[in-house]
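**Student:** The primary structure of each chain is shown beneath.
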Amino acid sequence: MTRRSGQVPFGEVERVLFRTYVNCQIAIAHPRELYEELDLTQEQLAIVAGCSLATMERWMSQNNEPRMLKEVYLRRLGEFRFLLRHYREIPAEAWDRLCPLPPRDRAILFPDQS
Amino acid sequence: MNSDASASQPSLGDRNSNPSAFLSDEGVGLLFGQNASVVVIPPDFAAAQLPKYSIGSRCRLAPQTHSEWGTIIGQIYAPVFKDLGKSRQKADWWSWIYLVLLDADSPSRGWIIADWVDEEDLELLPAGQDLSASDESEAL
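These protein sequence lines map, in sequence, to chains A and B.
Oh and the first sequence: position 111 is 111 in my numbering, straight run, nothing missing.
Oh and the second sequence: position 83 is 83 in my numbering, straight run, nothing missing.
Same shape as in the complex, but just chain A (with noise of 0.2 Å):
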């Protein structure tokens, strides 16, 4: 297959963050455990989630999985539990690419900074 213009090689450092992306384990196993950790609502845990209310409260309530996205979800909640844990760590080059934070809420994630 030939490359087209402008398109960076799939090399070997690529092939690495592909492989280490598609099998990550970042996500939970149940919503539940986002929830035991933290006091919020289950919309909250719906909107991170990225389903609805009612899909949400099945699943919390009556452990009635969805049988759709169910995987996309776990990994959403996945990557909001790993932000709560970890966004001390985060540089702020990262944050400034991935989500620019206004100086409101900077000082209030890094107040030592301010």
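Simulated from the structure, these hints should not be mistaken for laboratory data.
One or more hints might be untrue.
Facing chain A, a subset of chain B residues (Cβ under 10 Å, in silico) [to be verified]:
(1) L61
(2) V100
(3) S106
(4) R109
(5) I112
(6) D115
(7) D121
C-beta atoms are modelled at their ideal positions from N, C-alpha and C, and glycine is treated no differently.
We have chain A already, so just place chain B on it with the hints.
**Tutor:** Relative to chain A, chain B alone:
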């Protein structure tokens, strides 16, 4: 003891011939979960039941603390796994899942437009509660 976690992974050179060689045994499983690798079409699939709700049906998600409501815009026939053990070789059964476009006043519409719902978790909206749909169509 080999502590290199990547030792069991296929060679990076395999990527062009088989990209999925990098995946774990369960696969990514984004659509049907981690049992995706054992989903097979059953022999009697053609005789499977028809969907209970048609496209355009006005439905309510089975009442929870907060109900949701909207219009069916998609149907898929999907496997059901009651035991999520890795030894499963086939689905326990198949049933319908519906994509429901949430009404503007449904609680979750603030962050999603539509959601997937099992047939058993849906019920038809009583005709008297169907006002928001006609209001929306008039507004268009």
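**Student:** Go through the numbered hints given earlier and state which of them the structure violates, listing their numbers in rising order.
**Tutor:** none
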